[in-house]
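*Asks:* Take the given structure of chain A and dock chain B to it, following the hints.
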Amino acid sequence: MSRGAGPGTRLRALVQFHEDPALLSWWTARVAPVVGWLDAPRRRRLLSLAALAFAVERMDDRSDGPAWAVWLGAPILVGLCWGVWRVALELRRMPLAVRSRPQLFLHAVLALGLVAFWTAPAGAPRQLLAAIVPMLPFVIWRLGYLLKTGQRGKLAGTKLADHLFYLFPAWGGTNTPYGKGFDYLTGIEARTAEAFARSQLAGVRLILLGLVWRGVVEMMAAAVYADPKSPLTRVLGGWTLGVPRLPDLVPHPGSAPLGVVWFSLYLELVWVTLRLAMKGHVIIGVLRLFGFNAFRNTYKPLLAESVVEFWNRYYYYFKEVLAEFFFFPTFVRRFRHHPRLRIAAATFAAAFAGNMYYHTIEQPAFLSRSLAGTWAVMHSRLLYCFLLACGITISMLREQRRRGMDAPAGGAAGRLRRIAGVWTFFALIHVWALPGRDPDIFGRTRFFLSLFGW
Amino acid sequence: MTRAERATALRAFLRTIQKPGLPVEGLGEDEGLVTSGLIDSLAILEIVTWLEERFGIDFATLGLDPGELRSIGSILDLIGRETS
Chain A
1 MSRGAGPGTR LRALVQFHED PALLSWWTAR VAPVVGWLDA PRRRRLLSLA
51 ALAFAVERMD DRSDGPAWAV WLGAPILVGL CWGVWRVALE LRRMPLAVRS
101 RPQLFLHAVL ALGLVAFWTA PAGAPRQLLA AIVPMLPFVI WRLGYLLKTG
151 QRGKLAGTKL ADHLFYLFPA WGGTNTPYGK GFDYLTGIEA RTAEAFARSQ
201 LAGVRLILLG LVWRGVVEMM AAAVYADPKS PLTRVLGGWT LGVPRLPDLV
251 PHPGSAPLGV VWFSLYLELV WVTLRLAMKG HVIIGVLRLF GFNAFRNTYK
301 PLLAESVVEF WNRYYYYFKE VLAEFFFFPT FVRRFRHHPR LRIAAATFAA
351 AFAGNMYYHT IEQPAFLSRS LAGTWAVMHS RLLYCFLLAC GITISMLREQ
401 RRRGMDAPAG GAAGRLRRIA GVWTFFALIH VWALPGRDPD IFGRTRFFLS
451 LFGW
Chain B
1 MTRAERATAL RAFLRTIQKP GLPVEGLGED EGLVTSGLID SLAILEIVTW
51 LEERFGIDFA TLGLDPGELR SIGSILDLIG RETS
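If you're matching them up, the sequences are chains A and B in order. Going by the working numbering, the residue at position 346 of the first sequence is 346; the numbering climbs one at a time, nothing skipped. Going by the working numbering, the residue at position 68 of the second sequence is 68; the numbering climbs one at a time, nothing skipped.
Chain A extracted, bound-state conformation (with noise of 0.2 Å):
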């Protein structure tokens, strides 16, 4: 930096200290030294070691069941993911209702598993299945990168212990896979000791922005929603802006002044993204801190001009998840020749679709086989799942018609409009993708239009 930067080059040179080539270096002949002989692959095993551990320690989170099911669910589970491997490597030599359809064999085999689990007799084997099955929603998707790294004809060599450190990541996640699979992580892998420090340094400074998030959603939670579980709360010493959190308020339309109400809908939509950023940025930093340097999971969402834009930014591994395995393979097989709704049928298909498959099969009520419960938590996500294809379909035309051209006029005021646009329409549908059952998709309707004074 010269000495006479101004304020503005000195705070970007800071925020973005992980370029800094002076940092950089110093990192390079300090730090990679220490930990030198952790050269990439030595760097996978010691992840696909944790990844065991991580098995076991995940099934217990999510199993109810006594621990002898989760120390045997474990190994079977990791042979199930062999199982996969297997199919993956010898794709070209199956049925070819597997080969042609690798994807639609995975989730048979997870349909097996639930019927399976549903059908059990009461007593061990039953316990066994309930260790199991929860764990499916995590692994179904992180198979499926492997089967198409498998279709890519890349698995050749491999073995299976060479694919445990993404299919149960150490490095955390939900039953998105941060990170993708094998494919995207070994393209972006440092292989050299500086692009390893760098993805390094890209990492701590990730894993800060996480905190400093964090604490902004702290400070959120007691001066603006006097949350009684937030340290801050007391610190504060009482002082909140009090404003009622949108879940408490949709099932009371006309509880509170229409202007808190609007303010109360921006802020969830300001407290989701956040909350969302601060967890994912500690999950991508530490995968950083391996080497591997990983897109941001949430990176300037409420900067975004369009919708889909914004839905490229806001959850990227999970939008990863649906353009990988419902938009593309639609897009590239349905109405080739008519342009406008090849994109709005690969769009319904993924943020339709596929979006309302992953939340369904993942709920508790539908691994335990109660429609009914499913249906009541489901239902709202509908409508939600629905308006969210119709923006997204509609962005993405408008993109395309623009694409090549100037960019939109209107300067800073103009950008401004569009970034509110963007916030009210993903604010608004919000409504019918908040958790929970209570209240149903009439109630949320009828807060929706108490919104507009109806």
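Be careful, since some hints might not be right.
Said to hold, decoys possible - Computed footprint of chain A on chain B; a stretch qualifies when at least three of its residues, placed anywhere within it, have a C-beta under 8 Å from a C-beta of chain A: (1) 38-52; (2) 62-71.
Claimed, not checked - Label pairs and their computed distance ranges (CB to CB): (3) Pro125/A <-> Leu76/B: 50 to 56 Å; (4) Leu52/A <-> Thr8/B: 50 to 56 Å; (5) Arg11/B <-> Thr424/A: 38 to 44 Å.
Claimed, not checked - Cβ-to-Cβ under 7 Å is the rule here; a few derived chain A residues that face chain B: (6) Gln151; (7) Arg152; (8) Phe328; (9) Val332; (10) Arg333; (11) Glu399; (12) Arg403.
Bear in mind the hints are in silico, worked out from the structure with no lab data behind them. C-beta atoms are modelled at their ideal positions from N, C-alpha and C, and glycine is treated no differently.
*Replies:* Chain B in isolation, oriented as in the chain A frame:
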């Protein structure tokens, strides 16, 4: 059609879908099309359509691997492999 001719055709196509103000000529074969800012991620779909129409590549059979469309070089490799 040689690789150089395909590269010329590809760059000419990219010019029609790129963001304004970024010269496609200066982009290296291995530079990411999206990460360099030349195109947005949705433009990948336009590249798919162009490859289907121009080179008859059938992604329904082949499967779509976004990694194969990440740079000019990887797209040329894909065309070379699928049209040979």
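*Asks:* Which constraints among the numbered hints does this structure fail? Numbers only, ascending.
*Replies:* none
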